[in-house]
Every structure is written in structure tokens, then in C-alpha cells.
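Here the protein sequences come in this chain order: A and B.
Using my numbering, read the first sequence as starting at 1 and increasing by one per residue.
Using my numbering, read the second sequence as starting at 274 and increasing by one per residue.
Just so you know, the hints here were simulated from the structure itself, not pulled from any lab data.
Any given hint could turn out to be false.
As the list claims (entries may be wrong) - With a Cα cut of at most 20 Å, we get these calculated SDA-like pairs of lysine to any residue:
1) B:436 x B:288
2) B:346 x A:183
3) B:288 x B:319
4) B:299 x B:283
5) B:436 x B:477
6) B:436 x B:323
7) B:438 x B:477
8) A:74 x A:272
9) B:512 x B:460
10) B:346 x B:319
11) B:299 x B:285
12) B:346 x A:180
13) B:438 x B:460
14) B:299 x B:487
15) B:436 x A:183
16) B:346 x A:256
17) B:346 x A:190
18) B:512 x B:466
19) B:438 x A:74
20) B:436 x B:499
21) B:299 x B:499
22) B:436 x A:74
23) B:346 x A:188
24) B:436 x A:113
25) B:512 x B:498
26) B:299 x B:278
27) B:299 x B:279
28) B:346 x A:113
29) B:438 x B:352
30) B:299 x B:407
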Amino acid sequence: MSADIHLGRVKPTVSVGGWGSALTAGIRIVGLLIAILIIVQALIVVEARPQDLISGIHGMADIIRRSVPPDFSKLHDALWPALETVDIAIFGTLAGVIMAVPLAVLAAANVTPSRVMYYLARGIIGFTRAVPDLVWALFFVTAVGLGPFPGGLALAVHSIGMLGRLFAETIEHMDMAPIDALSLTGARRIQVFTHGILPTVLTSLLGISLYRLDENIRSSLVLGFVGAGGIGFQLLTAMNLFQYREVSLLLIVIFVIVVAVERLSALARQRLA
Amino acid sequence: MLSVRNLTLQYPNGKRALADFNLEVKPGELVVVLGGNGSGKTTLLRCITRTLAPTGGEVWLNGTELSHLTGDKLRIARMALALVSQHASLVRRRSVLSNVAAGSLGRHYNMWTAIGGLPSDELQAAYGYLDEVGLRDLARQRAGTLSGGQAQRVAIARALAQKPKAILADEPVASLDPEAAEDIMRLLRRLAEEENLAVLCVLHQVELAYSYAHRVVGIRDGRIEFDLPRADVSREAVKRLYISEAA
Chain A
1 MSADIHLGRV KPTVSVGGWG SALTAGIRIV GLLIAILIIV QALIVVEARP
51 QDLISGIHGM ADIIRRSVPP DFSKLHDALW PALETVDIAI FGTLAGVIMA
101 VPLAVLAAAN VTPSRVMYYL ARGIIGFTRA VPDLVWALFF VTAVGLGPFP
151 GGLALAVHSI GMLGRLFAET IEHMDMAPID ALSLTGARRI QVFTHGILPT
201 VLTSLLGISL YRLDENIRSS LVLGFVGAGG IGFQLLTAMN LFQYREVSLL
251 LIVIFVIVVA VERLSALARQ RLA
Chain B
274 MLSVRNLTLQ YPNGKRALAD FNLEVKPGEL VVVLGGNGSG KTTLLRCITR
324 TLAPTGGEVW LNGTELSHLT GDKLRIARMA LALVSQHASL VRRRSVLSNV
374 AAGSLGRHYN MWTAIGGLPS DELQAAYGYL DEVGLRDLAR QRAGTLSGGQ
424 AQRVAIARAL AQKPKAILAD EPVASLDPEA AEDIMRLLRR LAEEENLAVL
474 CVLHQVELAY SYAHRVVGIR DGRIEFDLPR ADVSREAVKR LYISEAA
């Protein structure tokens, strides 16, 4: 017995042309208009005046002319503040890491001992991150006086927020099977952390910390502008005294520091990977 | 002796994952649990270790009832109950020796172990446990570099470092090749017999159950279908466990 197979008329599941495509085109045009609107309002708010940039080109050329050649006789005076800048970053990063690790454990949803601790830790991390390092520097300059120490403290506190969030995310994304296995052997919470969690995420944490050191070097240059030590303070003084040849020398020193630390940090992260 | 009495797990929607489950595993005995997907095998192990709280029944291990323990009492009770899971669950960046010795942490709570150190006598003992599983030569190697079979052997050595009364193995050979799977089952049987351990092992591989189990328990829909010495388990009875799942 044969059976007739009736395929019927197949309706297209995706409409091509008509209202569907008109709607898509409409959405795209509205999206484009919104994007243009955002850009235009930004130009208005920042009072962007390209003509001023063009007319000011002579002033800039004058500053550049007065900046060359760099005054290398001041190199000796720049070395100590340069070291201070690097050390502020090292201190800030190290202190930040020490405080960020326990906070990150409390702020990681998969290992936190309680919801109260979780929200408290998240709050501290959020707050220290939200306040810029420059504001922390002003605060600590008022509290402990001028010099590199308030700079280091500022970077440490700001780093808690930046590192704490990244550390917590790293812990949240790690493989929990070894941690659960260790818990089931009867190990206590602190032992599970030091023998399970820490060795599992240590490489990632070191990589993040090195990246943070790299960022902190750049930040510590600016902290000197508010009296928190380092080469930034010397740069501000030279600019205020119109010592542009010294300024150019300090910018070269800063460039060397930033590039050197960036390369060392990248190399170290590569070795850890 | 590991003893499960009227163990029941009922979900809020009324579905019973385990229903009045009774089972005994004597020291020196390897009991294999067979059953289809969703039959309740892993749930049984999770209720025994209390990573899932049963809604009824009791779990006894050497005279201690586990199902109502909490906090530190539960932690101490768990030390006598070692779990070997499908994936070895080792800390990949630590050495094989450290992973094994970490099984003893429950017995050593002091400043040294709290900051990540391991007791030197337990590190020495760990060599012995690695001897038991035939991996002493790999003691200093990173756990992340091991093959699946080797990693599973290290997980068993870690379980031994716990000095348990019972070992629960949740599909310990599921991700291994046939030869490695045979090795692991042979090892579990030897440990049951020589170390006088109660070993309860969940498996999907029927042939391995026929080869190595002292007793086989068939489970379907959270209920025991049969609990027999290996020699008395018919192929038909085992087949029914899986036919039920397909239907």
C-alpha cells in the first residue's frame, strides 16, 4: 500500500522585508540619533573649542622650545624622589594586597561565612574604590602630614577596593571541587582557605597584584601634586617656577620608571601564567 | 560499620529522591550501588556525608548517628568518612605529597597548619599512603600534571590520610579509560580487605561491579531493588534497573 505524503505549504518563519525590516531600520536610526545626541551634549558640556587649540599652538610651541634640552644637571636631584615614587607604589600595593585578601574572601559569594559579612566586605570594597586615590591622599596628608607616607596610605586604601573586587571575582570563578573535597576531610575553614583556596588562586592574585603595582606607579606620580611625596611634587614645583628644562628631565625620568615597571610587571605576569 | 536506616529525602514538591532506604556496609566489604541516571545513587552519598540534609532516617558510622549532627560535631564525624568523587578534586598547584597530607588536616589544628603548613609526621605518612596506591615516585610532582587515573589514585591516598572508617566513592572511574578504571576498582577492593574499611561505591559500569564488588545494590527511583552478593545478581535484574529509566 502506498501512502501519499502531503508536504503542504511551508510558511517562512522569518519575514523578509515589510514591517519587520522597517522596524529594524527605525530602531537603528533612533539608536544612531541617540549616539549623536550623547556626543553633542558632551562637546557642549566640556565647552570644546577647537579654535582655541589652534590659536594656542604658539604657546605650546614656546613651552616645548623652552623645555629643550632637558636639564640633566638636575638628574641627581631627581633620583631620590624617583625612588620615593616607586616605593610609595610598592608600599601601597603590598599593604593593599594584605588588606584586600581577607576582605575578598568575605566578599566572595561562594566562600563567605555569612551574608552579613558578605555585604559588609562588599561595602568596604565599594567605598574604598569609589573614592579616588587623590582624595585619599588629601585626607591622609591632613591626617599624618606631608611626605611619602600619606601617599603610600592613599594608594593602599584605594588598592583595597580595586584589588578586593578582582580578588573576590577570581575566588568566585575558581573550581570549587577541590575546596569542597578538603572541607569534607574535616579541615577547618581557615585550613580550607590556606590549603585549598589560596594555592588555587595564588597565581591569579599575584598577576592582579603586579598589574596593580603598575597602576600604582602611575598614580603615585600624581599624588605628589597634593604633597604626598614622590617625583610628582618636584614636577609641580618645577612647573610653578617655569623651569621647563627641569620639567622635561623629570618627564623623561617618569617615562623610564613607567616603562621599566610596566615591562617588569608584564614579564613577571608572563612567568606566572 | 556504615549503616543507613530508613533514609528518606523528599523534595518540597513532594518527589522522593530516597525512600526508606536501608543499607549496611561492613568493614572489609566493597559494596557497589548500581542504578540509572536520577535513581538516587549520588543523593544517597550526599545524604550520608550530609552535604544534603535527609528529611528522614538515620546514618550510623561506628556507633555515631550522623544525620542530626551540625557544626564542629559534624566536622569531626566527617573525618571518619572519606569521599572519593568522579573528578579527583585535587589542588592542582600543590604537590602530590601535599594533597595527600592535606587529608589529615582535620586532626591537626594549630598555627602551622592554619597558615598553610603541613605536619612533618603526616608528610612522612603521606609517602606511605602513596606507596599504597603505587605513586610514591610522583610525590614531588604538581597534582595538575597527573593523568586522570593517577589523580584518582592520589585522591584515594588523600582519603587514606584521613584515617577513615569508611570510603564513599561517587563514580570514581567515570572519567577513566578501562585499564585505569580496573586499577582503581582493584585498589578500592584491596583497601577494603586489607585496611578493613567499609567501601560504598556508586558505579555505572556493570562489569566492574561483577568483577570487584562483594555485594551489589540495585537502586531505582530512590528505592532498593535488590541487595545481593555479587554472585547472586542476575543480568536480568541489573537490566531492569536501566530499562525502567528508559521507559
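Status of the hints after comparison with the structure:
no. : hint          : in the structure
1   : B:436 x B:288 : 36 Å, violated
2   : B:346 x A:183 : 14 Å, holds
3   : B:288 x B:319 : 17 Å, holds
4   : B:299 x B:283 : 27 Å, violated
5   : B:436 x B:477 : 27 Å, violated
6   : B:436 x B:323 : 19 Å, holds
7   : B:438 x B:477 : 24 Å, violated
8   : A:74 x A:272  : 38 Å, violated
9   : B:512 x B:460 : 27 Å, violated
10  : B:346 x B:319 : 17 Å, holds
11  : B:299 x B:285 : 33 Å, violated
12  : B:346 x A:180 : 18 Å, holds
13  : B:438 x B:460 : 16 Å, holds
14  : B:299 x B:487 : 10 Å, holds
15  : B:436 x A:183 : 15 Å, holds
16  : B:346 x A:256 : 59 Å, violated
17  : B:346 x A:190 : 17 Å, holds
18  : B:512 x B:466 : 29 Å, violated
19  : B:438 x A:74  : 75 Å, violated
20  : B:436 x B:499 : 31 Å, violated
21  : B:299 x B:499 : 17 Å, holds
22  : B:436 x A:74  : 69 Å, violated
23  : B:346 x A:188 : 12 Å, holds
24  : B:436 x A:113 : 28 Å, violated
25  : B:512 x B:498 : 12 Å, holds
26  : B:299 x B:278 : 14 Å, holds
27  : B:299 x B:279 : 18 Å, holds
28  : B:346 x A:113 : 18 Å, holds
29  : B:438 x B:352 : 9 Å, holds
30  : B:299 x B:407 : 26 Å, violated
Checked against the numbered hints listed earlier, the structure breaks hints 1, 4, 5, 7, 8, 9, 11, 16, 18, 19, 20, 22, 24, 30; every other hint is satisfied.
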